[in-house]
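Protein chains in written order, with my numbering: chain A, 1 to 332; chain B, 1 to 332.
Just so you know, the hints here were simulated from the structure itself, not pulled from any lab data.
Treat the hints loosely; a few may be bogus.
For identical chains, the list gives no copy identity; a pair is met inside one copy or between any two copies.
As the list claims (entries may be wrong) - Derived SDA-like pairs (lysine to any residue); straight-line CA-CA distance at most 20 Å:
no.: 1; residue 1: K14; residue 2: R72
no.: 2; residue 1: K147; residue 2: H201
no.: 3; residue 1: K274; residue 2: R299
no.: 4; residue 1: K274; residue 2: P61
Protein chains: 2
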Amino acid sequence: MKEKILKALRNSGKNYLSSAELCETFGVSRQAIWKNIALLKKNGYAIEACANKGYRLTASPDKLYAPDILSRLSEDCICREIKSFETVDSTNTKAKQLAELGAEEGTLIVAEEQTAGKGRRGRKWKTEKGSGIWMTLLLRPDMHPSKVSGITLLTALAVVQGIYEVCGATAQIKWPNDVVIAKKKICGILTEMSSEENYIHYVVSGIGINVNHTSFPEELQNASSIFLETGKKVDRCELTAHILQIFSSFYTRYVEEQSLSSFVDAYNSVLANKDQEVRVYYGLAEETDEEKAEIGIARGINQEGALLVEMENGIREIISGEVSVRGLYGYI
Amino acid sequence: MKEKILKALRNSGKNYLSSAELCETFGVSRQAIWKNIALLKKNGYAIEACANKGYRLTASPDKLYAPDILSRLSEDCICREIKSFETVDSTNTKAKQLAELGAEEGTLIVAEEQTAGKGRRGRKWKTEKGSGIWMTLLLRPDMHPSKVSGITLLTALAVVQGIYEVCGATAQIKWPNDVVIAKKKICGILTEMSSEENYIHYVVSGIGINVNHTSFPEELQNASSIFLETGKKVDRCELTAHILQIFSSFYTRYVEEQSLSSFVDAYNSVLANKDQEVRVYYGLAEETDEEKAEIGIARGINQEGALLVEMENGIREIISGEVSVRGLYGYI
């Protein structure tokens, strides 16, 4: 009910919405409306109540508040349940715990802060309270485990499109799944799954976005935030909802088609380093050993999500996780 | 210490082992020996103590007792820690919980009984208290997730070889991973993993063996036990240890070579239906729709673990999980 009222208030803008209207629209009592309005106020929403006119929303808090995000999602969005936390160890860990207990596909975990945020391969991921979007979506796709890497690529693409829609900023993807603005990393994605060899139990798709951070420690010279790159503070609930909505449509289509072919062009159009020289580092080591790297020209992904790199002896299909790819200068 | 004393007593057979000898061999006090002997007795081991002669083992209980299994493993076996339970929900679930808490590779869970044993794709797996071996081994292999299906095949092969060594019975494998004796299923294997797209966090390899069951309910007409097929009761600790020891060497080699090629011949030599006609059922449905099935001749696995089936239009590589394969008559 809170998300419905919030949506109605937001849609009516500066106009007042009468209690009677709200009661009629949602088929509930005046008391129920009043109770939910009180709860919203308690959560930081400034709602003006005026005798004979009704209610209007004058300000929203800067919080990842579940009903706020839900109020912005369409009925057909796969995300139908959101659990928001002030602090969690890691949203991925939380989502996996819920998955083991039988939580449904589309359950989202969001948190203001992670105390043990995770990067790929067990690396740590620093988070700052209240500035970012730390979220993990639980999925139960009916597909072969080998196709899960496609979900990661589509998550990155949804983040790029969401940032464009909400912030007007042009982000790019550093293959396979880092999102960058002006060559600085502003988002990391960590997809994990639980499976039998040929059967997926569940996938958790974790997204960490640096949104309103005003600074980064010196050692994170390649990191930035949307605010730092655009100069504008972002409504985190709005951005979260847009990304979820876009991802939802991508995901539904991917599960149906079991192929990335519908997404290859869109992905390649935002691929950093496309048609530029890149270094390909083999093995799982850190990207330090330049002598072992091979140089080629990144041509884009194929419908399996592999990066095609043109080398002296022909095109090579590079599979995520086995190599890392960088531009010749700097982080991307 | 318990496993060391047990090993020494077993090795000395009918001869007594003096307390002094045990103290010297293991570099501990007489009191420590006495304490551990008392613990073994408490766990059902009949240990005769004779003044001036020492100790000897006269009978062992029919229990999956961790020190007993450990006492039979070599120093280089990957299994170095065993946690035994009277009752667990599922040994795989228990192993996954421990894995999430950081348990090391080679940790084994064994239980006398599972209250919610798991089959593939969430099917239930019935277990009877004290008759079988229900165990799960935690692995953390450094390999691509796509290679995990090989671990399942090697687990089946280790079970077949272990049964042969300990029971003298010839078991076969119904591809990919059911172990059968005389066409009846006596063992199921369920491998699960937690991974990123290209990086394994951990694998749990669950093995359920019907060992000393004296009967099965009518609805399980395809199931049997080693006892029912051979007429001999089996020492479950001995069988467990043999399987672990064999699997350990297979696994170490597989991780090193990252290929099944060293195992293809051994696997194919125990493959049920080899060079015989089989029905291949596509899709994930139950094996009922005979019209949609295709008939071919099973020729054995290749080094990726796919089953090669010779059909009218050539050899087809069949990947586990996408199809099921049966002989023309009956369960296998």
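Taking 20 Å as the upper bound on the Cα-Cα distance, should K274 and P61 be classified as within, between, both, or neither?
Classified as neither; 40 Å inside a copy, 68 Å across copies.
First find the shortest C-alpha distance between K274 and R299 inside one copy, then the shortest across copies, and answer within, between, both or neither for a cut-off of 20 Å.
Cα proximity of K274 and R299: one copy only (6 Å, versus 45 Å across).
My question is about K147 and H201: at a cut-off of 20 Å on alpha-carbon distance, are they close within one copy, between copies, both, or neither?
Both ways: K147 and H201 sit 14 Å apart in one copy and 18 Å across, limit 20 Å.
Give the relationship of K14 and R72 under a CA distance limit of 20 Å: within one copy only, between copies only, both, or neither.
Within one copy only: 18 Å inside a chain, 78 Å across chains, cut-off 20 Å.
Checked against the numbered hints above, the structure violates only hint 4.
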